[in-house]
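Undergrad: In order, the protein sequences belong to chains W and X. The numbering of the first sequence is the working numbering, which starts it at 0 and goes up by one. The numbering of the second sequence is the working numbering, which starts it at -5 and goes up by one.
Note that these hints are calculated values from the structure, not bench results. The model shown is predicted, which means the values in this text are computed figures rather than measured ones. Don't be surprised by glycine CBs; every beta carbon is placed ideally from N, CA and C. Heads up, some of the hints might be wrong.
Short derived list, chain W residues pointing at chain X, Cβ under 7 Å [claimed, not checked]: (1) LEU13; (2) PHE23; (3) PHE58; (4) TYR85; (5) ILE103; (6) LEU116.
Okay, the calculated beta carbon distance ranges per label pair [claimed, not checked]: (7) SER97(X) x LEU22(W): 21 to 27 Å; (8) ILE244(W) x THR253(X): 54 to 60 Å; (9) ILE136(X) x LEU36(W): 30 to 36 Å; (10) GLY23(X) x ASN42(W): 47 to 53 Å.
Chain X stretches covered by chain W per the calculated footprint, using a threshold of three residues with CB under 8 Å from any CB of chain W [unchecked claim]: (11) 4 to 12; (12) 119 to 127; (13) 136 to 143; (14) 148 to 158; (15) 204 to 215; (16) 236 to 246.
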Amino acid sequence: MKKKTRSFFNWILLAGSTIIVCLFLGIILFDIFSKGLSSITWNFISALPSDGMTKGGIFPAIIGTILLTFITTLFAVPFGVACAVYLNEYARPSVLTNIIRASIRNLAGIPSIIYGLFGLALFVQAFKLGTSVLSAGLTLGLLSLPYIITTTEEALKRIPNSMREATLALGATQFETIKDVVLPKALPGILTGVILTLSRAAGETAPILFTGVAFYINGLSTSINQEFMALPYHLYMLSTQHQSIEQVRPLAYGTASVLILLVFMFNIIAFYIRFKHRSQD
Amino acid sequence: MSIKKREKTDWVLKQLFKATGLVTIGLLGGIFIMLIYNSIAFFANISPIDFFTGAQWDPGSAKGNYSILPLLASTGLVALGSMLIAVPLGIFTAAFLSEFAPSKLQAVLKPIIEMLAAIPSVAIGFLGIVLVGPGIAKIFGIQNGLNALNGSILLAVMALPTIVTISEDAINAVPKSYREASLALGANKWETLFKVTLPAALPGLIAAVMLGLGRALGETMTVLMATGNASAIPRGFLDSVRTITATIAIEMGEVPYRTTHYFALFAIAAVLFLITLSINLLGEFFANRLRKFHA
Chain W
0 MKKKTRSFFN WILLAGSTII VCLFLGIILF DIFSKGLSSI TWNFISALPS DGMTKGGIFP
60 AIIGTILLTF ITTLFAVPFG VACAVYLNEY ARPSVLTNII RASIRNLAGI PSIIYGLFGL
120 ALFVQAFKLG TSVLSAGLTL GLLSLPYIIT TTEEALKRIP NSMREATLAL GATQFETIKD
180 VVLPKALPGI LTGVILTLSR AAGETAPILF TGVAFYINGL STSINQEFMA LPYHLYMLST
240 QHQSIEQVRP LAYGTASVLI LLVFMFNIIA FYIRFKHRSQ D
Chain X
-5 MSIKKREKTD WVLKQLFKAT GLVTIGLLGG IFIMLIYNSI AFFANISPID FFTGAQWDPG
55 SAKGNYSILP LLASTGLVAL GSMLIAVPLG IFTAAFLSEF APSKLQAVLK PIIEMLAAIP
115 SVAIGFLGIV LVGPGIAKIF GIQNGLNALN GSILLAVMAL PTIVTISEDA INAVPKSYRE
175 ASLALGANKW ETLFKVTLPA ALPGLIAAVM LGLGRALGET MTVLMATGNA SAIPRGFLDS
235 VRTITATIAI EMGEVPYRTT HYFALFAIAA VLFLITLSIN LLGEFFANRL RKFHA
């Protein structure tokens, strides 16, 4: 009997912990969506903010986040993929590759706010790009690099060596092998990693704080040299810095809902690619 | 294209790919040098003794008090609280997932953990303001729920996916023969879990906790929004606190370029960098031990 009680207690401990973890997600999504989804109207998504941010929509913040993520992609993806190709295809294990791998692991552990400081010192000040969507996008690109390199390398590792050897035996150079055989075959895996990384980057706030984000810009800016609005920063400002916080709370809930839906959309696309690719194998 | 030309292309691109590898080293070095360079400029004006032993962070005052202690105490307190919540929850969840959950349940639970990891930190901070804060205020009968406890709860939620995922890998890596040997000796499944499987996975579990802790220490937006940001040495979890990350986020936007205050923010960032770097290296050390142990 005693043994049974203890077994029951253990069962509660493990299953209960799991239920609590699931509840966390449930509570987050329920609270934000139950109060936020009703704020999402066509006007909310497509209009400029008005009356000191108490009315209107978040269109410039959506555009800003999309533009920002686009710049991050253009910078970080070619760079990250190239580095992963070097590590997995060209380099033999050596002191140098060990140092590169150690750097990548440590870069992934650096707090995002320190990337913000680095972006400020490097892009805004040293390169004189000013506080702009370009500086912020490049900063987020640096932050994303280690994740893109790691996930790309994992995708490359899954390509069997026999495929490379067959191509090389037919007389192709190593670059031709990579370009025509390895990368196309690894593409779904690379894409999954890239999209998940970008969904993280799109939700980041700390690295863009000093590198170009603004609470309000006049009209709609699409120039890469100018400051921009972004969804996460908009949510932060609406919920902490606005003069009439209670009045704009529905807008804050709406912004949070849009941000989470955007991030989940990225994730669903990534899962879909992964799922489709797996079922093909 | 002639063979020679093709081989030349191959060589040029190989060097280009190699260069990107070197840039990653340069990036880590660059971040380190930037922090050290600006910290040196700071310590030219303020003595390290005042920085590490003073009791106040008050750059606005006439004398300018730059002590990292209250910020360090705040950062430590919030992170400690988050680990007290997240470590047991995370490890038990990982144990449930890998040892007891049927594969159909696993297929549901894993995406839930991944979704939790995908939620932006600013959204979790927002919930700290609108949900967790008022909840804490009600339960403890205090006016304002923006305090260390609030930050700890939110950071626990953010660290959980990391801890669960890595712990699960660690538990899965324990060879099946260990469990079979234990069960064959007459131990039940609980004794096997707590006395054989989890101890064998311990280095991996420590690595999981270290990486979760690193994430909690470096998180900015949630603590900035949910902990109240009073810069005094906290006396308990119900005090408002202000972490290193939140201080940088609040003050960097307003501070004039290349003043003592500006350099001070790089100095506290350098301290944070060294702390998270050591914790990550420690985590890596334990992860490697697990690998060697099973090799």
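Undergrad: Hint by hint, say whether it matches the structure.
TA: We went through each hint and held it up to the structure:
1. With a cut of 7 Å, the hint placing LEU13(W) at the interface with chain X holds, because the nearest CB-to-CB distance is about 4 Å.
2. Hint status for PHE23(W) relative to chain X: holds, with the closest Cβ pair at about 5 Å, below 7 Å.
3. Checking PHE58(W) against chain X by beta carbon gives a least distance of about 19 Å; that is not within 7 Å, so the hint is violated.
4. About 4 Å separates the beta-carbon of TYR85(W) from the nearest beta-carbon of chain X, less than 7 Å, and the hint is met.
5. Taking 7 Å as the C-beta contact cut-off toward chain X, the hint placing ILE103(W) at the interface holds, the least distance being around 6 Å.
6. Against a cut-off of 7 Å between C-beta atoms, the interface hint on LEU116(W) holds, since the closest Cβ of chain X lies about 6 Å away.
7. At roughly 22 Å, the beta carbons of SER97(X) and LEU22(W) sit within the given window of 21 to 27 Å.
8. Range check, ILE244(W) to THR253(X): about 31 Å between beta-carbon atoms, so the 54 to 60 Å window is missed.
9. Taking 30 to 36 Å as the suggested C-beta distance range, the pair ILE136(X) and LEU36(W) conforms, at roughly 32 Å.
10. The beta-carbon spacing between GLY23(X) and ASN42(W), approximately 49 Å, falls within the hinted interval of 47 to 53 Å.
11. Counting residues of the region 4 to 12 of chain X whose CB lies closer than 8 Å to any CB of chain W gives 6, which reaches the minimum of 3, so the coverage claim holds.
12. Look at the region 119 to 127 of chain X against chain W: 6 of its residues bring a Cβ nearer than 8 Å to a Cβ of that chain, three or more, so the hint holds.
13. With 0 residues bearing a CB less than 8 Å from a CB of chain W, the region 136 to 143 of chain X misses the requirement of three and the coverage assertion fails.
14. Counting residues of the region 148 to 158 of chain X whose C-beta lies closer than 8 Å to any C-beta of chain W gives 3; at least three are required, and the coverage claim holds.
15. Under a criterion of three residues with beta carbons nearer than 8 Å to beta carbons of chain W, the stated coverage of the region 204 to 215 of chain X is upheld, 7 such residues being counted.
16. A stretch counts as covered by a chain when three or more of its residues have a beta carbon under 8 Å from one of that chain; for the region 236 to 246 of chain X and chain W the count is 4, and the coverage holds.
When held up to the earlier numbered hints, the structure conflicts with 3, 8, 13 and fits the remainder.
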